[in-house]
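Undergrad: Protein chains in written order, with my numbering: chain A, 1 to 133; chain B, 1 to 416.
A hint or two may mislead.
Simulated coverage check for chain B against chain A, where a stretch passes if three residues somewhere in it have a Cβ under 8 Å from a Cβ of chain A [what the hints assert, rightly or not]:
1. 163-170
2. 180-190
3. 225-236
4. 401-411
Simulated from the structure, these hints should not be mistaken for laboratory data.
Even for Gly, the Cβ is constructed at its ideal location relative to N, Cα and C.
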Amino acid sequence: MAPDRNDPLAGPFWQAAANSELRITWCEHCDRAVWYPKADCPQCQGELHWRALSGDATLLSWSEVLAPINPDHAPPYITGLVCPLEAPEVRLVTRIVDCEADRLRCDMPLRVCFRALQPREGQPFMAPLFSPC
Amino acid sequence: MPQQSIEALARRAPVPDWGQSLPLEDTRGEVAITGIGETAVTGPSGRHPKAMALEAVAAAITDAGLRPEQVDGLMVAAGVADQLTAEDFHEHFGTSQPLWFSTDGGAMVWAATCAHTAALAMRRKQARHIVNVFAVDWATRRAAGTGTPGDWHASEIMKAHFELPFGWYPQPVYFATFARRYMHDYGLTAEQLAALPMTFRRHANRDPAAVMYERELTLEKYLARTPLADPLRMEDCCLISDGAAAWVMSPAEEARDMPHAPIAVEGVGHGRVHGAPYISQQRVITATPQPFAAPWAYAMADTAPAEIDVIAVYDCFSSTALMQIEGLGFCREGEGGEFIQEDRLYYQRHRRLGGIPCNTHGGLLSHSYLLGISHVVELVKQLRGDAVNQVDSARVAAYAGFTADEASTLILKRGN
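Given these sequences and hints, build the entire structure.
TA: Structure (structure tokens):
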């Protein structure tokens, strides 16, 4: 299934991706990221905004999926957790592309790229993926 | 020993800053496990969970020397399909007594915390003999294409929007990602990790009731497997099973007059990570939330890892079991790879070797995937002296429960 771009809470992430932008929810008052998105800031109850990030990140960890254990994604593929430069406490789940798994190292610098992912059912959608710099 | 206040327990149970202990009242020694019951554990059986649950409940009641009409409490799991209701109980046993009912029971973390919930219910005189039961038919469901353990994850809205689109699903992918980081930080090798599935398999190979009874696992076989989600191989992942287990909890003062040596509930702990339920956002991905549960249980029981004879840890994945052993305090975080080598988790190890007998029934990896309820039943057998893989002179046991963002600890002790 493609993610729902019209979902009030999560949709803006995917609308941004369609415009080749990486955005996450941010509390301006606390000046910190709040991830995943919430109705308001859990600390100050203030409004959250979708802030654009540079796309620079580091690799927290990854796994190369080698067997058909996910009905929607054909192996092999590499998925993992990356920490954006502006909010290192946040983990973005993503795909790691343009790199063999044996070249990956924890904490290595990555850069965002926008590619279409094709779900098993439905239309392809643009997604923020990451590759080594 | 006088009862300890919640404040005193909290002082004795310091925890890291990326999660919290839930403040459980001191219920040390108030409740005993007085009866256990199990069905066969199998692959796809076509059996309905309620039928399996009733079989396990009947066996547990008989084992406790009770009649069904003497049971006045029933605890089951929430969020798992087709668990027992009070009406099911009465219809099956032909009874009509008032039945205190709770959905804070079952398996996973609740296989530990249900004993605390039951103690509070007994204090309030809501029930005297409480049955906890859990049944699952995921082997049948998977074969029929009608359900998997990943269903909740796939339906959760944030996971559906921010994890599934990238293929970070199902659970083996989460825990492979965590295991990869652990390997990076602490130098754990595939050969070292193999000690967990291999030791649990050796336990199962001695128990005809275990699903993997006839399937031996060598290091060569393990290493020859292509990982499912690197670095986790098939043998690092839990089975998918059908089956049920149950136990009876009774007030300690009544347990002394029941057929079996009472197995006292000495300590319970329950912890949760900040950011729950999204483990992708867990600050430390090289540990489970067990460090937020075990200290509280040890403080309540006034005990420590050195006094424990046998453990059962929730081992949905081998790497999770490793982190649970560390979280219970048997070694420091990162030292588990060394700690588990040779025979140190085997039921028959020499005590001077160190280590701790772990998952002596084979665990979720090799006995069955009953989500931890069989782990506690196994510990009761160990403390009674009735286990297939009996640990010599086992008197104190600990269960480490887990549900990804939460963990729990149950400390049991054989009474005199």
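Undergrad: None of the hints should be skipped; say for each whether it holds.
TA: Structure-based check of all given hints:
Given as covered by chain A, the stretch 163-170 of chain B passes the check, having 8 residues with a CB less than 8 Å from a CB of that chain where 3 are the minimum. Restraint check on the stretch 180-190 of chain B versus chain A: 4 residues with Cβ-Cβ distances below 8 Å, three needed, restraint holds. Counting residues of the stretch 225-236 of chain B whose beta carbon lies closer than 8 Å to any beta carbon of chain A gives 7, which meets the minimum of three for the stated coverage. Given a C-beta distance limit of less than 8 Å, the hint that chain A covers the stretch 401-411 of chain B is violated, as 0 residues qualify and 3 are needed.
The earlier numbered hint that this structure contradicts is number 4, and it is the only one.
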